[in-house]
Amino acid sequence: MPIETTSGLIEDFQSIGVKDRLNLLLEFSENLPTLPSRYLDHPDLLERVEECQSPIYLFVEVTDGHVYLFFTAPEESPTTRGFASILHSVMDGLSVEDTLNFDDDFPSKIGLAEAVSPLRIRGMRGMMARIKRQVSEKK
Amino acid sequence: MSIEFDSNPKFADYSNPEVLVSSEWLSQNLNSEGLVVVESDEDVLLYEVGHIPGAVKIDWHTDLNDPITRDYVSDESFAKLLGSKGISRDTTVVIYGDKSNWWASYALWVFKLFGHPDVRLLDGGRDKWIAEGRELTKEVPAISEIEYPVVKRDDSTLRAFRDDVLKHFGNPLIDVRSAEEYSGERTHMPAYPEEGALRGGHIPSAASVPWAKAVAEDSSFKSRAELEAVYLDGAGLKKGDNVIAYCRIGERSSHTWFVLNYLLGFENVRNYDGSWTEWGSLVGVPIVKGSEPGRAPAPKVA
Chain A
12 MPIETTSGLI EDFQSIGVKD RLNLLLEFSE NLPTLPSRYL DHPDLLERVE
62 ECQSPIYLFV EVTDGHVYLF FTAPEESPTT RGFASILHSV MDGLSVEDTL
112 NFDDDFPSKI GLAEAVSPLR IRGMRGMMAR IKRQVSEKK
Chain B
47 MSIEFDSNPK FADYSNPEVL VSSEWLSQNL NSEGLVVVES DEDVLLYEVG
97 HIPGAVKIDW HTDLNDPITR DYVSDESFAK LLGSKGISRD TTVVIYGDKS
147 NWWASYALWV FKLFGHPDVR LLDGGRDKWI AEGRELTKEV PAISEIEYPV
197 VKRDDSTLRA FRDDVLKHFG NPLIDVRSAE EYSGERTHMP AYPEEGALRG
247 GHIPSAASVP WAKAVAEDSS FKSRAELEAV YLDGAGLKKG DNVIAYCRIG
297 ERSSHTWFVL NYLLGFENVR NYDGSWTEWG SLVGVPIVKG SEPGRAPAPK
347 VA
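Read top to bottom, the protein sequences are chains A and B. For this note's numbering, add 11 to where a residue sits in the first sequence, where the first one is 1. For this note's numbering, add 46 to where a residue sits in the second sequence, where the first one is 1.
Hints may contain errors.
Heads up, simulated DMTMM-like pairs for lysine to aspartate or glutamate below, C-alpha to C-alpha not over 20 Å straight-line [said to hold, decoys possible]:
{"hint": "1", "chain 1": "B", "residue 1": "Lys184", "chain 2": "B", "residue 2": "Asp136"}
{"hint": "2", "chain 1": "B", "residue 1": "Lys268", "chain 2": "B", "residue 2": "Glu94"}
{"hint": "3", "chain 1": "B", "residue 1": "Lys126", "chain 2": "B", "residue 2": "Asp112"}
{"hint": "4", "chain 1": "B", "residue 1": "Lys184", "chain 2": "A", "residue 2": "Glu41"}
{"hint": "5", "chain 1": "A", "residue 1": "Lys30", "chain 2": "B", "residue 2": "Glu94"}
{"hint": "6", "chain 1": "A", "residue 1": "Lys149", "chain 2": "A", "residue 2": "Glu108"}
{"hint": "7", "chain 1": "B", "residue 1": "Lys56", "chain 2": "B", "residue 2": "Glu272"}
{"hint": "8", "chain 1": "B", "residue 1": "Lys184", "chain 2": "A", "residue 2": "Asp23"}
{"hint": "9", "chain 1": "B", "residue 1": "Lys174", "chain 2": "A", "residue 2": "Glu86"}
{"hint": "10", "chain 1": "B", "residue 1": "Lys198", "chain 2": "B", "residue 2": "Asp136"}
{"hint": "11", "chain 1": "B", "residue 1": "Lys335", "chain 2": "B", "residue 2": "Glu226"}
{"hint": "12", "chain 1": "B", "residue 1": "Lys103", "chain 2": "A", "residue 2": "Asp31"}
{"hint": "13", "chain 1": "B", "residue 1": "Lys126", "chain 2": "B", "residue 2": "Glu193"}
{"hint": "14", "chain 1": "A", "residue 1": "Lys30", "chain 2": "B", "residue 2": "Glu191"}
{"hint": "15", "chain 1": "B", "residue 1": "Lys103", "chain 2": "B", "residue 2": "Asp173"}
{"hint": "16", "chain 1": "B", "residue 1": "Lys103", "chain 2": "B", "residue 2": "Glu226"}
{"hint": "17", "chain 1": "B", "residue 1": "Lys174", "chain 2": "A", "residue 2": "Glu87"}
{"hint": "18", "chain 1": "B", "residue 1": "Lys213", "chain 2": "B", "residue 2": "Glu324"}
{"hint": "19", "chain 1": "B", "residue 1": "Lys198", "chain 2": "B", "residue 2": "Asp109"}
{"hint": "20", "chain 1": "B", "residue 1": "Lys198", "chain 2": "B", "residue 2": "Asp121"}
{"hint": "21", "chain 1": "B", "residue 1": "Lys126", "chain 2": "B", "residue 2": "Glu64"}
{"hint": "22", "chain 1": "B", "residue 1": "Lys285", "chain 2": "B", "residue 2": "Asp136"}
{"hint": "23", "chain 1": "B", "residue 1": "Lys103", "chain 2": "A", "residue 2": "Glu38"}
{"hint": "24", "chain 1": "A", "residue 1": "Lys150", "chain 2": "A", "residue 2": "Asp114"}
{"hint": "25", "chain 1": "B", "residue 1": "Lys184", "chain 2": "A", "residue 2": "Asp31"}
{"hint": "26", "chain 1": "A", "residue 1": "Lys30", "chain 2": "B", "residue 2": "Asp210"}
{"hint": "27", "chain 1": "B", "residue 1": "Lys103", "chain 2": "A", "residue 2": "Glu125"}
{"hint": "28", "chain 1": "A", "residue 1": "Lys30", "chain 2": "B", "residue 2": "Asp112"}
{"hint": "29", "chain 1": "B", "residue 1": "Lys103", "chain 2": "A", "residue 2": "Asp114"}
{"hint": "30", "chain 1": "A", "residue 1": "Lys30", "chain 2": "B", "residue 2": "Glu185"}
{"hint": "31", "chain 1": "B", "residue 1": "Lys184", "chain 2": "A", "residue 2": "Glu108"}
{"hint": "32", "chain 1": "B", "residue 1": "Lys184", "chain 2": "A", "residue 2": "Asp114"}
Derived, one-sided and incomplete: chain B residues facing chain A with beta-carbon distance under 7 Å [claimed, not checked]:
{"hint": "33", "residue": "Asp89"}
{"hint": "34", "residue": "Glu94"}
{"hint": "35", "residue": "His107"}
{"hint": "36", "residue": "Thr108"}
Derived from the structure by calculation, the hints contain no laboratory data. For clarity, every value in this text was computed on a predicted model and none was experimentally measured. Positions of the beta carbon are idealized from the N, C-alpha and C atoms, including for glycine.
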């Protein structure tokens with residue numbers, strides 16, 4: 012199961028002001044899990060998310076009907092790391108079905124568009140689209 | 047009173063050496079009265095991760111763009127923003143940022159639309175400052191708000207609109223996007239619609255000079271001779287040319303605008319900030335696909 016529910020996460024962001032949302036995003040960014048060594052040694056397995064101006068790569072594993080997510084992005088791209096970390100916290104460990112049905116509009120609901128601009132939020136949508144596509148290929 | 051210029055010999059070759067400062071100069075002048083350092087990044091969180099001591103943050107999305115109209119903020123909002131950052135009309139402003147000052151140049155261009163007199167770039171930006179092991183802090187400076195006058199933005203000198211581009215045909219255009227964007231190839235991703243513009247390609251006759259060709263490996267600007275090789279020998283610009291630069295939304299082309307205008311001394315350079323997201327969706331305007339510039343149509347007569 013993911014460590015956060017979408018409703019809990021939306022509540023966390025919506026209950027604070029715009030400036031604090033940036034700080035919360037920064038916390039997520041700092042807590043993006045590092046890649047396990049099987050991916051560190053095989054960067055070719057990861058897929059680049061082109062919608063992000065910063066380089067971010069992701070990989071999806073499907074094990075026993077559950078979906079596990081792996082991301083990597085450079086330290087100089089904290090916003091992109093933050094987006095990845097948010098998705099990790101609400102999607103990692105979901106069932107295949109719940110992943111494919113995951114709310115595509117979730118990035119708009121956390122109130123980050125005001126804090127970071129709608130244009131930047133696109134990157135998170137790009138990550139979600141790729142997660143779903145990889146899952147449907149691997150299920 | 048503006049602060050003394052950086053007499054770094056590298057800058058002396060440029061047409062307007064006073065618009066650049068080196069990291070060494072900045073570290074020596076950080077506490078100067080009348081100086082405000084501004085960080086402006088692509089990544090909206092980098093300032094929070096750590097910034098040059100005393101620097102304030104201005105974000106182009108959330109501070110410099112109007113939230114409703116596709117345009118820059120109003121004269122009143124710009125005055126309020128600068129006042130809130132402790133900047134007055136005679137403050138010397140030094141802007142720096144990530145990605146070789148790509149967004150910092152954009153912020154500088156907007157400052158110039160409002161005619162702020164003394165605004166300079168930190169050569170090499172954030173990356174060079176960090177690479178040299180210079181100090182960063184997470185501490186946000188306490189600022190007392192001051193008065194910045196409401197100044198009317200001048201959109202006629204440094205900025206081009208789509209009709210200006212239609213009238214400009216026959217004069218040089220510089221497309222500063224990547225080769226793939228220029229040719230109109232696009233990577234269509236499954237489950238992700240192509241967005242940004244409805245057509246791929248470039249404005250007819252535009253020369254392709256990706257913005258990063260102006261940047262050295264350490265993120266600083268290339269020398270004058272190297273820049274001339276890129277823009278004069280490479281792209282065929284000639285002294286006295288009237289030039290319009292564009293990219294996707296006008297950010298990367300601000301960087302090229304800065305180079306042509308201040309470093310190479312072109313006196314008539316405009317940034318078309320509508321750029322490809324506008325032109326590539328406009329009904330009825332000509333475009334060219336592929337890697338050749340294509341011929342300029344007849345300019346539109348007013």
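Against the structure, the hints:
no.	hint	verdict
1	B:Lys184 / B:Asp136	violated (27 Å)
2	B:Lys268 / B:Glu94	violated (29 Å)
3	B:Lys126 / B:Asp112	holds (13 Å)
4	B:Lys184 / A:Glu41	holds (14 Å)
5	A:Lys30 / B:Glu94	holds (11 Å)
6	A:Lys149 / A:Glu108	holds (12 Å)
7	B:Lys56 / B:Glu272	holds (12 Å)
8	B:Lys184 / A:Asp23	violated (23 Å)
9	B:Lys174 / A:Glu86	holds (16 Å)
10	B:Lys198 / B:Asp136	holds (16 Å)
11	B:Lys335 / B:Glu226	holds (10 Å)
12	B:Lys103 / A:Asp31	holds (15 Å)
13	B:Lys126 / B:Glu193	holds (8 Å)
14	A:Lys30 / B:Glu191	holds (18 Å)
15	B:Lys103 / B:Asp173	holds (16 Å)
16	B:Lys103 / B:Glu226	violated (32 Å)
17	B:Lys174 / A:Glu87	holds (13 Å)
18	B:Lys213 / B:Glu324	holds (16 Å)
19	B:Lys198 / B:Asp109	holds (17 Å)
20	B:Lys198 / B:Asp121	holds (6 Å)
21	B:Lys126 / B:Glu64	violated (27 Å)
22	B:Lys285 / B:Asp136	violated (32 Å)
23	B:Lys103 / A:Glu38	holds (19 Å)
24	A:Lys150 / A:Asp114	holds (19 Å)
25	B:Lys184 / A:Asp31	holds (15 Å)
26	A:Lys30 / B:Asp210	violated (39 Å)
27	B:Lys103 / A:Glu125	holds (16 Å)
28	A:Lys30 / B:Asp112	holds (18 Å)
29	B:Lys103 / A:Asp114	violated (33 Å)
30	A:Lys30 / B:Glu185	holds (15 Å)
31	B:Lys184 / A:Glu108	violated (42 Å)
32	B:Lys184 / A:Asp114	violated (35 Å)
33	Asp89	holds (5 Å)
34	Glu94	holds (5 Å)
35	His107	holds (3 Å)
36	Thr108	holds (6 Å)
Taken one by one, the earlier hints fail for this structure at numbers 1, 2, 8, 16, 21, 22, 26, 29, 31 and 32, listed in ascending order.
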